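S.K.: Spelled out from the first residue to the last, the chains are:
There are 2 protein chains.
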Amino acid sequence: MSQLPRFWNLGWSSFLDWWSNSPVVSEQESSPLYGQQQLNETFLDHGEGQQFLTKAFQVILEEVLCKGTDVKEKVCDWREPEDLAALLDLELRENGESQHQLLKRVQDVAKYSVKTNHPRFFNQLFAGVDYHALAGRFLTEALNTSQYTYEVAPVFVLMEEEVLSKLRSLVGWTHGDGIFCPGGTVSNMYAMNLARFRAFPEVKVKGQWALPRLAVFASQEVCHYSVMKAAAFQGIGTENVFKVNVDDRGCMNPEDLCEKIELAKSQGAVPFFVHATSGTTVKGAFDPLESIADICERLGLWMHVDAAWGGSVLLSNEHRHLMKGVERADSVTWNPHKMMLTGLQCSAILLKDTTDLLKHCHCADATYLFQQDKFYDKSLDTGDKSIQCGRKVDCLKLWLMWKAVGSKGLEGRVDRAFAHVRYLVEEMKRREGFQLIWEPEFVNVCFWFIPPSLRGDENSPDYQDRLSKVAPTIKERMMKQGTMMVGYQPHGGRVNFFRMIVISPQVSHEDMTFFLDEIERLGKDL
Amino acid sequence: MSQLPRFWNLGWSSFLDWWSNSPVVSEQESSPLYGQQQLNETFLDHGEGQQFLTKAFQVILEEVLCKGTDVKEKVCDWREPEDLAALLDLELRENGESQHQLLKRVQDVAKYSVKTNHPRFFNQLFAGVDYHALAGRFLTEALNTSQYTYEVAPVFVLMEEEVLSKLRSLVGWTHGDGIFCPGGTVSNMYAMNLARFRAFPEVKVKGQWALPRLAVFASQEVCHYSVMKAAAFQGIGTENVFKVNVDDRGCMNPEDLCEKIELAKSQGAVPFFVHATSGTTVKGAFDPLESIADICERLGLWMHVDAAWGGSVLLSNEHRHLMKGVERADSVTWNPHKMMLTGLQCSAILLKDTTDLLKHCHCADATYLFQQDKFYDKSLDTGDKSIQCGRKVDCLKLWLMWKAVGSKGLEGRVDRAFAHVRYLVEEMKRREGFQLIWEPEFVNVCFWFIPPSLRGDENSPDYQDRLSKVAPTIKERMMKQGTMMVGYQPHGGRVNFFRMIVISPQVSHEDMTFFLDEIERLGKDL
Numbered sequence: 001m002s003q004l005p006r007f008w009n010l011g012w013s014s015f016l017d018w019w020s021n022s023p024v025v026s027e028q029e030s031s032p033l034y035g036q037q038q039l040n041e042t043f044l045d046h047g048e049g050q051q052f053l054t055k056a057f058q059v060i061l062e063e064v065l066c067k068g069t070d071v072k073e074k075v076c077d078w079r080e081p082e083d084l085a086a087l088l089d090l091e092l093r094e095n096g097e098s099q100h101q102l103l104k105r106v107q108d109v110a111k112y113s114v115k116t117n118h119p120r121f122f123n124q125l126f127a128g129v130d131y132h133a134l135a136g137r138f139l140t141e142a143l144n145t146s147q148y149t150y151e152v153a154p155v156f157v158l159m160e161e162e163v164l165s166k167l168r169s170l171v172g173w174t175h176g177d178g179i180f181c182p183g184g185t186v187s188n189m190y191a192m193n194l195a196r197f198r199a200f201p202e203v204k205v206k207g208q209w210a211l212p213r214l215a216v217f218a219s220q221e222v223c224h225y226s227v228m229k230a231a232a233f234q235g236i237g238t239e240n241v242f243k244v245n246v247d248d249r250g251c252m253n254p255e256d257l258c259e260k261i262e263l264a265k266s267q268g269a270v271p272f273f274v275h276a277t278s279g280t281t282v283k284g285a286f287d288p289l290e291s292i293a294d295i296c297e298r299l300g301l302w303m304h305v306d307a308a309w310g311g312s313v314l315l316s317n318e319h320r321h322l323m324k325g326v327e328r329a330d331s332v333t334w335n336p337h338k339m340m341l342t343g344l345q346c347s348a349i350l351l352k353d354t355t356d357l358l359k360h361c362h363c364a365d366a367t368y369l370f371q372q373d374k375f376y377d378k379s380l381d382t383g384d385k386s387i388q389c390g391r392k393v394d395c396l397k398l399w400l401m402w403k404a405v406g407s408k409g410l411e412g413r414v415d416r417a418f419a420h421v422r423y424l425v426e427e428m429k430r431r432e433g434f435q436l437i438w439e440p441e442f443v444n445v446c447f448w449f450i451p452p453s454l455r456g457d458e459n460s461p462d463y464q465d466r467l468s469k470v471a472p473t474i475k476e477r478m479m480k481q482g483t484m485m486v487g488y489q490p491h492g493g494r495v496n497f498f499r500m501i502v503i504s505p506q507v508s509h510e511d512m513t514f515f516l517d518e519i520e521r522l523g524k525d526l
Numbered sequence: 001m002s003q004l005p006r007f008w009n010l011g012w013s014s015f016l017d018w019w020s021n022s023p024v025v026s027e028q029e030s031s032p033l034y035g036q037q038q039l040n041e042t043f044l045d046h047g048e049g050q051q052f053l054t055k056a057f058q059v060i061l062e063e064v065l066c067k068g069t070d071v072k073e074k075v076c077d078w079r080e081p082e083d084l085a086a087l088l089d090l091e092l093r094e095n096g097e098s099q100h101q102l103l104k105r106v107q108d109v110a111k112y113s114v115k116t117n118h119p120r121f122f123n124q125l126f127a128g129v130d131y132h133a134l135a136g137r138f139l140t141e142a143l144n145t146s147q148y149t150y151e152v153a154p155v156f157v158l159m160e161e162e163v164l165s166k167l168r169s170l171v172g173w174t175h176g177d178g179i180f181c182p183g184g185t186v187s188n189m190y191a192m193n194l195a196r197f198r199a200f201p202e203v204k205v206k207g208q209w210a211l212p213r214l215a216v217f218a219s220q221e222v223c224h225y226s227v228m229k230a231a232a233f234q235g236i237g238t239e240n241v242f243k244v245n246v247d248d249r250g251c252m253n254p255e256d257l258c259e260k261i262e263l264a265k266s267q268g269a270v271p272f273f274v275h276a277t278s279g280t281t282v283k284g285a286f287d288p289l290e291s292i293a294d295i296c297e298r299l300g301l302w303m304h305v306d307a308a309w310g311g312s313v314l315l316s317n318e319h320r321h322l323m324k325g326v327e328r329a330d331s332v333t334w335n336p337h338k339m340m341l342t343g344l345q346c347s348a349i350l351l352k353d354t355t356d357l358l359k360h361c362h363c364a365d366a367t368y369l370f371q372q373d374k375f376y377d378k379s380l381d382t383g384d385k386s387i388q389c390g391r392k393v394d395c396l397k398l399w400l401m402w403k404a405v406g407s408k409g410l411e412g413r414v415d416r417a418f419a420h421v422r423y424l425v426e427e428m429k430r431r432e433g434f435q436l437i438w439e440p441e442f443v444n445v446c447f448w449f450i451p452p453s454l455r456g457d458e459n460s461p462d463y464q465d466r467l468s469k470v471a472p473t474i475k476e477r478m479m480k481q482g483t484m485m486v487g488y489q490p491h492g493g494r495v496n497f498f499r500m501i502v503i504s505p506q507v508s509h510e511d512m513t514f515f516l517d518e519i520e521r522l523g524k525d526l
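The listed protein sequences correspond, in order, to chains A and B. Going by full-length UniProt numbering, the first sequence opens with residue 1, and the numbers climb by one from there. Going by full-length UniProt numbering, the second sequence opens with residue 1, and the numbers climb by one from there.
The list that follows gives simulated cross-link-like pairs (lysine-lysine, DSS-like), each with its CA atoms no further than 27 Å apart: (1) A:Lys265 x B:Lys206; (2) B:Lys374 x A:Lys480; (3) B:Lys166 x A:Lys111; (4) B:Lys324 x B:Lys260; (5) B:Lys55 x A:Lys67; (6) A:Lys243 x A:Lys260; (7) B:Lys67 x A:Lys55.
To be clear, the hints were calculated from the coordinates, so they are not data collected in a lab. Given the structure is predicted, the values throughout are model-derived calculations rather than measurements.
All chains should be built: construct the whole structure from the sequences, respecting the hints.
M.R.: Structure, rendered in structure tokens:
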């Protein structure tokens with residue numbers, strides 16, 4: 001506090017009012033030209049800062065975690081972009097604001113954000129809150145270090161290896177390598193880069209320019225996003241991703257994989273990488289890993305399994321059969337921030353390799369970062385494994401959650417999600433108007449809602465066109481009323497349908513019933 | 001709590017003891033086969049979870065923020081890896097643990113982690129804590145959403161654009177584009193990929209294979225890490241990064257840039273990308289941007305400025321001249337998680353482009369993710385700009401801090417760091433044994449400490465060899481005593497020297513004096 005309030009004699013409540021409206025830190029009042037004395041003073045008032053943080057924590061607890069998980073409260077408080085921008089007063093200005101005003105901002109950000117922890121948020125491949133993971137995330141943020149050396153991240157360097165080793169053991173590997181990446185697409189990019197490096201070690205120095213045309217294979221179900229982004233970014237080219245046909249359930253057809261490999265060869269391209277998927281984004285389909293492994297082994301191709309979404313079935317004795325054969329892969333992507341509830345970001349690339357391929361492929365020999373004459377075992381430093389320099393700590397949240405609930409607790413969550421899906425599917429079959437698109441293999445439930453006016457009209461020429469408008473309309477209504485959130489999309493020639501995702505351990509049958517009732521309510525006049 | 005304690009009749013304190021040692025959530029006791037009734041129950045006890053989180057918050061406040069910023073406490077509590085692993089009991093097991101045990105784990109993680117918020121942590125290009133940024137980070141973690149659509153991140157989609165626009169305005173651009181990336185290396189990779197795409201749009205579809213050999217230019221000061229990692233990862237090849245000579249201060253020599261461009265052409269390579277640096281990692285050198293811009297404009301090359309470290313000088317009227325000419329660049333990397341104290345990760349790639357190059361280069365046309373018939377303006381969705389799918393929210397911490405201290409407050413911090421450096425340099429010149437390697441242009445202070453036994457021995461044949469061992473020994477001692485942390489490295493033919501980084505607004509002259517005294521104390525017998 002730099003000045004006494006002029007109204008100090010107006011009494012205690014006026015003083016408090018002044019205080020709570022005074023700037024939290026007074027640094028913006030400092031002169032930019034520092035004298036000796038100013039530099040001797042402590043610039044930052046830890047007490048004030050910690051008081052602000054404590055109050056902000058209380059707001060977070062109240063708004064995000066209490067209200068934000070209460071079914072009586074909205075999932076989202078929809079505003080048009082221009083209205084929201086005005087409400088938030090986003091502009092960044094010359095001067096700072098009062099403690100009071102800043103807390104109001106914390107509250108506003110919470111109020112107008114989507115409550116992804118809410119039991120009726122079914123919109124993405126993440127949902128729900130785990131309080132131990134969240135405690136781990138707060139601790140990560142407060143400790144603020146980078147994962148690259150044992151020197152600045154001793155706990156996290158050891159912890160990352162322990163967590164990766166546990167994930168690898170669930171894949172079926174007693175040895176191997178791996179690293180946490182900022183998201184599944186980057187993890188997949190690591191796999192593609194490692195595969196290219198194994199096949200053509202000269203690529204690191206000479207570049208793709210010195211290589212023949214390469215060929216990548218992935219099912220047509222997943223040739224929309226991650227694989228294409230990786231192929232473009234890494235200089236392989238999207239047309240060199242060959243789309244393999246799928247069966248009705250969305251699973252890769254191994255015979256067609258063989259045919260596409262022959263096709264690529266006939267065009268002069270060199271196959272090197274097969275991108276299989278365990279848990280596709282829309283259908284939740286699992287590619288047949290054993291058959292794909294047979295092909296990859298026979299032809300010497302790198303087999304990658306993108307299990308960013310589906311990997312969590314490995315936690316369940318009942319459901320891990322969906323990934324039978326995964327131990328034959330060369331690499332696996334697994335995002336605990338999806339079904340395991342660790343929170344974004346938490347994605348691991350797991351490798352069977354024991355030859356230090358990760359380090360050979362990504363090291364830059366930066367002696368100024370990773371000194372060779374350290375007084376501890378420098379093989380602990382992970383910096384040379386990463387394509388990044390600074391790397392966020394992503395292991396603690398997963399580790400602390402695992403310590404809290406154990407492998408059995410995690411297994412219970414996966415099994416519970418499957419059980420909810422079975423219940424939901426049975427209910428849908430009992431109700432008029434819900435048309436499942438396929439029997440779910442995983443926790444993605446894809447369906448059309450056929451509103452009363454469309455029922456029995458399947459053969460009318462504009463049926464598909466009218467049906468395609470149902471999901472967007474219901475979605476708009478649910479968003480504007482804030483009652484729940486679920487996604488929709490057109491896919492594989494089918495017009496817009498809903499994709500309901502069941503992840504969160506905090507949902508109950510009541511939420512499933514609410515979901516169906518609410519779809520009916522929002523669509524009954526369509 | 002699933003069972004009454006058998007010792008309930010032993011009194012209240014026994015009960016409390018039992019309670020605090022019982023599992024926080026009892027999910028691991030659930031049967032994996034769910035009956036109807038179990039699925040009707042709420043799985044997660046929010047009250048218990050929030051209680052744990054509150055207690056964890058208190059531990060964080062105490063251990064990380066109070067003790068962790070107290071000069072009377074250690075910066076690090078050094079343990080040998082095997083001892084630390086044993087202390088932490090890292091193994092992940094079948095069953096969960098008690099609330100009491102988990103809080104102990106939070107405490108242990110805090111205790112054995114390096115205190116990067118400590119006023120005597122001078123080891124990296126990040127240090128110190130900003131409580132508003134930290135509140136923003138906690139809020140980000142609690143809200144747990146992905147930055148890809150307005151639908152799930154309405155506040156953050158608008159906020160990211162506002163923050164990027166503010167950063168662009170400091171670069172000198174009224175229009176442009178940009179995105180937050182997981183770290184400076186990824187931001188630099190975006191720049192290289194965009195430059196390649198602008199020069200050869202066919203690369204996205206056909207790959208590098210269809211292109212001529214490309215050539216990248218960067219100063220020899222920075223050809224160790226980020227540029228090389230990008231060139232390797234993106235299929236360009238490390239040998240196609242041409243190393244441009246630098247002057248004594250470590251700044252790129254523009255004449256040599258021209259020569260290296262001619263050299264590349266003479267080898268049949270096609271120049272497309274010049275990677276300039278504002279604030280190199282070791283020396284803190286600023287490349288001459290005006291001269292580099294002249295060359296890039298004349299030859300039609302993409303000019304990128306890696307200002308991950310140095311970008312913050314743009315906040316200061318007194319020091320922004322160091323980046324004179326930056327507005328002529330095509331792209332700029334700026335990491336607010338470094339000098340601006342937002343905490344990891346916070347890195348922006350800023351673009352002058354107004355033709356939607358970012359979207360054209362990275363879009364994957366995934367209609368299932370980014371529906372075309374949304375009820376709001378889908379141009380708000382950022383997913384097609386990113387190489388990622390899910391993307392962590394990195395803008396809130398920076399926004400909230402800026403709201404708290406204002407542009408003037410941020411300017412004051414930068415000016416203060418420079419003022420501390422001037423003081424430190426003057427003190428070093430006054431003391432025997434401190435030998436500055438060059439006059440700092442920025443806040444990197446590079447020096448040798450010449451211990452008493454070496455003084456005056458400069459001409460002895462083993463001087464360099466003996467000098468090279470001084471910094472590692474002093475470093476080991478300071479780590480093991482935990483009094484402070486500062487980095488060292490060999491660089492450009494010079495044997496190991498210290499690199500002191502002054503960032504944190506919470507340091508005072510007392511800390512600077514302590515630093516010098518401590519180096520003397522730790523090295524006096526060498």
